[in-house]
Amino acid sequence: GAGVSQTPSNKVTEKGKYVELRCDPISGHTALYWYRQSLGQGPEFLIYFQGTGAADDSGLPNDRFFAVRPEGSVSTLKIQRTERGDSAVYLCASSLSGDNEQFFGPGTRLTVL
Amino acid sequence: TQLLEQSPQFLSIQEGENLTVYCNSSSVFSSLQWYRQEPGEGPVLLVTVVTGGEVKKLKRLTFQFGDARKDSSLHITAAQPGDTGLYLCAGVESSGTYKYIFGTGTRLKVLA
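So the protein sequences, as listed, match chains V and A.
Mapping of the first sequence onto this note's numbering: residues 1 to 113, in sequence order.
Mapping of the second sequence onto this note's numbering: residues 1 to 112, in sequence order.
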């Protein structure tokens, strides 16, 4: 029973570059969430998947952010033309279904120089 | 956008003291959760409350959901250094989706 894993654990990139952040949820969990957490703040909702489809993407800040989950398991958060303000810890969580306990991964710390 | 305000933002207390953390909103939530987060890790669920007025106890931690389901409190009795961490409340919107709105967080430090 591995937990939620996220790769990479740290990512440093330059302003304007493209980045991909990966989340491997707990096997069998149909719901998957992405959050962004700035230093000293609570997590900010980005997007929620139920299976392969994005059930709610209202938290994505703009069209530079996109997330996929093509086979209903692994998910990738993609950020185009990164900006310094995108620097944060990106957290992924999964649950058996939307109304069950969320299990969080350790996060990916993104730094945009 | 619904907002969950937590107070206090920071709290530093001596071992053995009691404390209460508050989570307030102007919106109604169908359920509310409390998490604790350690540095470098994701939040870990402590409890979920779903009924207005509900009280749940977890060892030295007591959680209460407000009657109107707009606010909640976390009370810790006889705090220990192991209780140190970031405490977060999170509410589920009542709109039928599972969009979790997290509070602003309370950073607790318990000194030995």
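These aren't lab readings, by the way, just hints derived from the structure by calculation.
Among these hints, one or two may not hold up.
What the hints assert, rightly or not - Partial pick of chain V residues on the chain A-facing surface, computed with a CB cut under 10 angstroms:
id	residue
1	Ser-9
2	Lys-11
3	Glu-44
4	Thr-52
5	Gly-53
6	Ala-55
7	Ser-97
8	Asp-99
9	Glu-101
Glycine included, every Cβ here is placed at the ideal spot set by N, Cα and C.
The hints, checked one at a time:
About 9 angstroms separates the beta-carbon of V:Ser-9 from the nearest beta-carbon of chain A, less than 10 angstroms, and the hint is met. Given the 10 angstroms rule on beta carbons, the hint for V:Lys-11 is violated: about 15 angstroms separates it from the nearest Cβ of chain A. With a least beta-carbon distance of about 7 angstroms to chain A, the hint placing V:Glu-44 at the interface is held under the 10 angstroms criterion. Using the Cβ-Cβ criterion of 10 angstroms, the hint placing V:Thr-52 at the interface with chain A is not satisfied: the shortest such distance is roughly 16 angstroms.
Taken as an interface hint, V:Gly-53 does not check out: its beta carbon lies about 13 angstroms from the nearest beta carbon of chain A, beyond 10 angstroms. Hint status for V:Ala-55: holds, given a least beta-carbon distance of 6 angstroms to chain A, under 10 angstroms. Because the beta carbon of V:Ser-97 sits about 8 angstroms from the nearest beta carbon in chain A, less than 10 angstroms, this interface hint is met. Given hint, V:Asp-99 at the interface with chain A, holds; its Cβ is 6 angstroms from that chain's nearest Cβ, closer than 10 angstroms.
A cut of 10 angstroms between beta carbons decides the hint on V:Glu-101: the least distance to chain A is about 5 angstroms, and the hint holds.
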